[in-house]
Amino acid sequence: YRDLHTFELQAPTRLIEWARGSRVCVAGYGQSDGNEILQLIPPPTLLTKETQGLCPERDFKVECGGFSERPVYSLKYVPDTSLLVTSGPPDSSLQVWQVSAEDSDIIKSVSPIETENGTGQSWAKIATISARAPWVLHGSRLDRVQITEVESRKNVYTAASGGSEELSSLAFLDCNTLLLCCTAGRLCLADIRQPQSLMEAVSVPSVPCSEQWCMGTRHGAQGLEPSSQPVARLSSRGLLTLTDLRKTSEFLALAKARVPSPGSGAEFLCISWSPALEGCLAISGFDGTVHVYDTQSWDSSGREAEPIFVHKGHAFGGAGGSRDPPLVTVHTWHLQKPRTLLSAASDGSLHVWDWVQPCGK
Amino acid sequence: MPEIKVTPLGAGQDVGRSCILVSIAGKNVMLDCGMHMGYNDDRRFPDFSYITQNGRLTDFLDCVIISHFHLDHCGALPYFSEMVGYDGPIYMTHPTKAICPILLEDYRKITVDKKGETNFFTSQMIKDCMKKVVAVHLHQTVQVDEELEIKAYYAGHVLGAAMFQIKVGCESVVYTGDYNMTPDRHLGAAWIDKCRPDLLISESTYATTIRDSKRCRERDFLKKVHETVERGGKVLIPVFALGRAQELCILLETFWERMNLKAPIYFSTGLTEKANHYYKLFITWTNQKIRKTFVQRNMFEFKHIKAFDRAFADNPGPMVVFATPGMLHAGQSLQIFRKWAGNEKNMVIMPGYCVQGTVGHKILSGQRKLEMEGRQILEVKMQVEYMSFSAHADAKGIMQLIRQAEPRNVLLVHGEAKKMEFLKQKIEQEFHVSCYMPANGETTTILTNPCIPVDISLGLLKRETAIGPSPDAKKPKLMHGTLLMKDNSFRLVSPEQALKELGLAEHQLRFTCRVHIQDPRKEHETGLRVYNHLKGILKDYSVQHLPDGSITVESILIQATAHSEDQGTKVLLVSWTYQDEELGSYLTSLLKKGLPQST
Numbered sequence: 001y002r003d004l005h006t007f008e009l010q011a012p013t014r015l016i017e018w019a020r021g022s023r024v025c026v027a028g029y030g031q032s033d034g035n036e037i038l039q040l041i042p043p044p045t046l047l048t049k050e051t052q053g054l055c056p057e058r059d060f061k062v063e064c065g066g067f068s069e070r071p072v073y074s075l076k077y078v079p080d081t082s083l084l085v086t087s088g089p090p091d092s093s094l095q096v097w098q099v100s101a102e103d104s105d106i107i108k109s110v111s112p113i114e115t116e117n118g119t120g121q122s123w124a125k126i127a128t129i130s131a132r133a134p135w136v137l138h139g140s141r142l143d144r145v146q147i148t149e150v151e152s153r154k155n156v157y158t159a160a161s162g163g164s165e166e167l168s169s170l171a172f173l174d175c176n177t178l179l180l181c182c183t184a185g186r187l188c189l190a191d192i193r194q195p196q197s198l199m200e201a202v203s204v205p206s207v208p209c210s211e212q213w214c215m216g217t218r219h220g221a222q223g224l225e226p227s228s229q230p231v232a233r234l235s236s237r238g239l240l241t242l243t244d245l246r247k248t249s250e251f252l253a254l255a256k257a258r259v260p261s262p263g264s265g266a267e268f269l270c271i272s273w274s275p276a277l278e279g280c281l282a283i284s285g286f287d288g289t290v291h292v293y294d295t296q297s298w299d300s301s302g303r304e305a306e307p308i309f310v311h312k313g314h315a316f317g318g319a320g321g322s323r324d325p326p327l328v329t330v331h332t333w334h335l336q337k338p339r340t341l342l343s344a345a346s347d348g349s350l351h352v353w354d355w356v357q358p359c360g361k
Numbered sequence: 001m002p003e004i005k006v007t008p009l010g011a012g013q014d015v016g017r018s019c020i021l022v023s024i025a026g027k028n029v030m031l032d033c034g035m036h037m038g039y040n041d042d043r044r045f046p047d048f049s050y051i052t053q054n055g056r057l058t059d060f061l062d063c064v065i066i067s068h069f070h071l072d073h074c075g076a077l078p079y080f081s082e083m084v085g086y087d088g089p090i091y092m093t094h095p096t097k098a099i100c101p102i103l104l105e106d107y108r109k110i111t112v113d114k115k116g117e118t119n120f121f122t123s124q125m126i127k128d129c130m131k132k133v134v135a136v137h138l139h140q141t142v143q144v145d146e147e148l149e150i151k152a153y154y155a156g157h158v159l160g161a162a163m164f165q166i167k168v169g170c171e172s173v174v175y176t177g178d179y180n181m182t183p184d185r186h187l188g189a190a191w192i193d194k195c196r197p198d199l200l201i202s203e204s205t206y207a208t209t210i211r212d213s214k215r216c217r218e219r220d221f222l223k224k225v226h227e228t229v230e231r232g233g234k235v236l237i238p239v240f241a242l243g244r245a246q247e248l249c250i251l252l253e254t255f256w257e258r259m260n261l262k263a264p265i266y267f268s269t270g271l272t273e274k275a276n277h278y279y280k281l282f283i284t285w286t287n288q289k290i291r292k293t294f295v296q297r298n299m300f301e302f303k304h305i306k307a308f309d310r311a312f313a314d315n316p317g318p319m320v321v322f323a324t325p326g327m328l329h330a331g332q333s334l335q336i337f338r339k340w341a342g343n344e345k346n347m348v349i350m351p352g353y354c355v356q357g358t359v360g361h362k363i364l365s366g367q368r369k370l371e372m373e374g375r376q377i378l379e380v381k382m383q384v385e386y387m388s389f390s391a392h393a394d395a396k397g398i399m400q401l402i403r404q405a406e407p408r409n410v411l412l413v414h415g416e417a418k419k420m421e422f423l424k425q426k427i428e429q430e431f432h433v434s435c436y437m438p439a440n441g442e443t444t445t446i447l448t449n450p451c452i453p454v455d456i457s458l459g460l461l462k463r464e465t466a467i468g469p470s471p472d473a474k475k476p477k478l479m480h481g482t483l484l485m486k487d488n489s490f491r492l493v494s495p496e497q498a499l500k501e502l503g504l505a506e507h508q509l510r511f512t513c514r515v516h517i518q519d520p521r522k523e524h525e526t527g528l529r530v531y532n533h534l535k536g537i538l539k540d541y542s543v544q545h546l547p548d549g550s551i552t553v554e555s556i557l558i559q560a561t562a563h564s565e566d567q568g569t570k571v572l573l574v575s576w577t578y579q580d581e582e583l584g585s586y587l588t589s590l591l592k593k594g595l596p597q598s599t
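Chains A and B supply the protein sequences, listed in that same order.
Quick note, the first sequence lines up with residues 1 to 361 if you use the working numbering.
Quick note, the second sequence lines up with residues 1 to 599 if you use the working numbering.
Everything labelled a hint here was simulated from the structure, so no lab data went into it.
Incorrect hints may have been included.
Covered stretches of chain A, as calculated for chain B (at least 3 residues, CB under 8 Å) [as the list claims (entries may be wrong)]:
hint : region
1    : 29-43
2    : 69-75
3    : 102-109
Think of the CB as a built atom: it goes at the ideal place given N, C-alpha and C, for glycine as much as any other residue.
Using the sequences and the accompanying hints, generate a full structural model.
Written out as structure tokens, the structure reads:
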């Protein structure tokens, strides 16, 4: 490690979102009422490019907070507005919130975005963009994907039905292209200018054996076509696939991560690309660790990949005793500092860490 | 409604001097009397004119309580007692009483000698002020006067810091001062019992902070020290003799032992003995672990830490030195600093806040060229680091304390209004209590619902328990009695006893109602009809037919008489006392419905 900071949140979070002004947002996902949404200001040490060792200001400050009656499973800021959107069980409706940090430190609840709640629907996955207007893309199943304009609540787009599979995540590739990932592994592309067209799909390798998948897309550097960025997928058995969306018939790369036997389920599977380091991605959700991989050395053979770094901090943090070891619920990359990540675990811990580049690189 | 009034004279919505005025059941208490460390003029003292415009403070205030020895809580005390004028009692814990004068004298020296201030208290004033202090023990109930009592609780934070409960009758307020809910290496965590005060006044300095784990801070501190020592440099840690110094000593000692390091660690002479003396004296104030190990070996007698001699500063090679005073404003730490400042291999680590005007403050602000006595310029090439190990409660800790004490209301001090809104809502939602955040000079009034104790006479109690089913311990039982209020005592007695005591005669109220019924028969027969009718209906009551023809239902009397003008009508006189109103009305309406034909 070059640096490691550990913090303890009052309640564990399963999301870490970056907001304007280097703010970080976390939220509770407990079953009972009274979950808090906290917008935090990271300590100055984490905002500057150089790392300082000792510094008076080493703590996160709660800038503002709100209370949610539901568990918060997903949260996204709506660009160009002072709003954010959250979702969580028991249904697929979205809650909208207003953040006005200068006036008060309360995140106020604004009226929700209702959706039709059929049977067997779980919580909605969300993504936001501000292209023609601030939009939120949401849906819990493949046949219930829609885009709603946040301020007017108008429905701008409804995706053609491609099946009723449950979604694990969705993303805007650009202001016209959507990427949807099903928990069964299928990737679907849609163009919002052609709402009735069928979506192209990319399938998964090998025999499906009830594993669950999630995806990570890269918000590319300026000037690059979004669809040229490979999409990474991670399965609950540790399989990693990289796909180039322009050539969906074959995989760019296939690898296997060394993970413990699939017992922990896929609740917190998380995969993300580094914004600064080319070809680097991180995965978490199997145990108390976060793995970082360099995909540039991968091929299509599917053999086991060696991580370039493993963060084990969460596994040691706990109070010990007979309690289950903590599970990393989410991780995210620092937007400016290339080798810094933030990760949170089920015991309420929040770590910020930076690893030393191995020699010879 | 009775009320408790709270006025912060400092610490209302700002961090700085703490000074809070509380009015409870006619008693006036001042909580802390701190100095604002950021100002150089009169703004550093609380505005005592809020207390009383004219009239002596000694007459108005029943007592002053100081929570701990930090200057932002006791710095203005000598000014208050000797220059403004107060001769009443001042309460604080034993360690606070021992350490306060040292800090005050130290501070006085910097302000007057170094900065040349004139409107400041003198050494004699500090001594005179301390003569008014009454020291208290933890959990000891101290009667300030017949009605006012106070009790101190362990607060953690620094040696001797306490939270105070102020009680008058059944109204009480708990003031936390600065406290910490997590134990550290040499102090335990704050604790209070479920005293359910009407009001809890809590500091909220760190309420919006999510703190970096202590382990990380300690690890970084040790890393810096280790790196400096490894490259042959010297580390200077200016400390105040008590408090964080002990914490850091224990930390370094453990690290040195584990890493088998050889570089010497020194602690200023004189201060080692004094510090050890105080810790031994107040060993009950340290945490469990220290108390346990103290028997086997003195936690403060270190293997790797030796007494310092002035000459050692010139020794070549690496070393770590703890020297006083803490802000590098005078004395040994400043001397050492001057010797080592020019070498970039060396490091100085400031472990706490430094007052403006001190060398410590200047170098922390980034100044690298300092003017010393005799116009000498000192160039600072050594590394300057700042490490805060202060211990305050965060949001989680505040919630914990509220959960422990179960107050009916909460008042937050020491935080900024805009940033406390979220915490206020959090407290209100979770505990369903009201939360207040007054600004300086703003008075908050809290309504209380005191319980008024009433003595019940034995006779009344016996009588009431004899009536009706035996009392269920869990259900309230309704009883009737007369409340006598005389002087300040309340007594509940039976009405007969009350009449006797007051020399009054009892009045009886009797109601009589006339019910007309059509019945041509003789009165005597009508009476019998009424009797049979009522006997049939009122099966649970005692219905009697008396020899003179009248009917009684319980204690109600019914008589049948002939109507004076109309032979066919009979008049039933129903008569009852005030106590039987309900039954009487019921009977009347029953009889008004008429008698059944058959009887």
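Going down the list of hints, with the structure as the test:
no.	hint	verdict
1	29-43	holds (count 4)
2	69-75	violated (count 0)
3	102-109	holds (count 4)
Comparing the model with each numbered hint stated earlier shows that hint 2 is the single one that does not hold.
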